[in-house]
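*Asks:* Given the sequences, and given the hints that come with them, work out the whole structure.
Protein chains: 2
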Amino acid sequence: MDITQLGDRILSGDRRALARAITLVESRRDDHRAQAASLLDHLAGAGRQALRIGLSGTPGVGKSTFIESFGMMLIGQGLRVAVLAVDPSSARSGGSILGDKTRMERLSRERAAFIRPSPSQSHLGGVARRTREAVSLCEAAGFDVVLIETVGVGQSETVVAELSDLFLLLLAPAGGDELQGVKRGIMEMADLILVNKADGELKSTATRTCADYAGALRLLRKRVQDPPGFPKALTVSAVEEQGLDAAWTEMRALSDWRRENGHWTANRAEQARYWFGQEVRHALLAQLDTPQARAEMDRLSTAAAQGQLTPASAAEQMLAFLREG
Amino acid sequence: MDITQLGDRILSGDRRALARAITLVESRRDDHRAQAASLLDHLAGAGRQALRIGLSGTPGVGKSTFIESFGMMLIGQGLRVAVLAVDPSSARSGGSILGDKTRMERLSRERAAFIRPSPSQSHLGGVARRTREAVSLCEAAGFDVVLIETVGVGQSETVVAELSDLFLLLLAPAGGDELQGVKRGIMEMADLILVNKADGELKSTATRTCADYAGALRLLRKRVQDPPGFPKALTVSAVEEQGLDAAWTEMRALSDWRRENGHWTANRAEQARYWFGQEVRHALLAQLDTPQARAEMDRLSTAAAQGQLTPASAAEQMLAFLREG
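Going down the list, the protein sequences come from chains A and B.
Numbering-wise, my numbering puts 250 at position 250 of the first sequence, and it's gapless, one number per residue.
Numbering-wise, my numbering puts 200 at position 200 of the second sequence, and it's gapless, one number per residue.
A short, non-exhaustive set of chain A residues, derived as facing chain B with CB atoms under 10 angstroms:
hint : residue
1    : Leu284
2    : Leu285
3    : Gly307
4    : Ala315
5    : Met318
6    : Leu319
Since the hints were made in silico from the structure, they are not lab data.
Heads up, the beta-carbon is just placed ideally off N, CA and C, and yes, glycines get one too.
*Replies:* Here it is in structure tokens:
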């Protein structure tokens, strides 16, 4: 594959080239990894930036409908929208991999939209890296907004927050008691809480839930990256396409303020530091993941189990094995 | 230091040599680490095994008093007892480091007892490794029982369970609601639950609490390493020295059964495998912990933050730096 040519096609906004490049960054083959790295280096030079929006919400909250309605609204304003997912469970459940395009039927037919399901990896670390690289590819392809969605399994919110400029939390209307169900750590990540399903019978419940969360947000510690009034809670109806424009106005106000006050750049720099550290640790541990290393680990593990070597001596031998590589 | 001589003194039961050897395994200096490894290899040949008893309990449950009373009882039976601690927080609080000997005043004066506070490390990984090696040293020095205590901060119970032949959970008398406070994972580790303070006004509450926990234990999944009737709940009074002998009888019954049925050996083999894996991962990541590596990490992290390198390329350069090391 000619990497320079592929890069140029991505920069020209070619969706097929983008899809192919994402497949390349998702590959675990060594030669593909090397090609992916040189492609990303090539594209980084273009310096294009999208607004990266992280989105979390438990199943049933209407996330797909929200992404579809919100994405269609953005496209209606002339913007190009990419949708990526971080779902470490999808490799096992299989569900969302096939489902992503069918559950966003209108959006997936738009030329200004690009939808890519979560890479099928069981390790969150692998999903994180590949999603991060897919985000960079979408930016290089000239998308204005990249939505990064997660189902909120374990640590996946942290991954999405470390990939995003803004973090949205989508919630369902609920009684006051259920407010407790949202973990404090997730609340603290949110720039905007959107209470969905503010329509029909649930409209008044949604309004009350929104007020509850607005109150809860006011109790959180003030963050330097927030202008007055943020983080904020709003009601939306993805089904009736209500409140989406107001939510978008808030997102733009927040991101403009952060750009003007240096927080946007500082946040991206901090994220790059974070991912660099993660990459280094991941690469160090990945040395254990070759067939040769696994065989040697097995051998030494058995020697330690049988008391022929102390765990420390066995570990030293393993390190020597890796050094000789 | 003459390592063979130090080893021989430990094998003869010399407490000062033991204390000195533990200081050696706690050192982070490379030459000390190498000496410690060769000392441990030397001592492993002797093949001595103590009964390693893990003990967890929240502050205020009377853990120190229990260890003192229980330890004195064992010494009264002619046994030699070592007490070690896993407390990753002690480096910060400073509390238990100085406090260990004063809070077990009688035991610390006994020649058949050896008390060693938790190594002052902020990383649980470091504490775990050093405690594991200290356990081996105590075994080589001929102690019959090694008590490994933890305050139950985060993952420290797992560490202690992976170092122990038996795991005790010390609890205070409490209402039924508070039973929920003990995490299921901790309950599942326990071989014996001891409800302390079964004396004076709390005696009947302790009996009821014990029955509650006995009921809860029966609901847990049956483990292959348990004979009929285990895990068990008992009441004790550390202050009045009641029930300690009965608890010791249960511990011996359990460990005898496990020895006879191969579970003792299988468990220690499994633990050796576990610690080998931990050691390898720890050693791989420890490559980042030298002044040179930290300086290079800083340089590349800044390059990634400023966008001069992608996180992946910066990580690749870091790995190359470590390989050339």
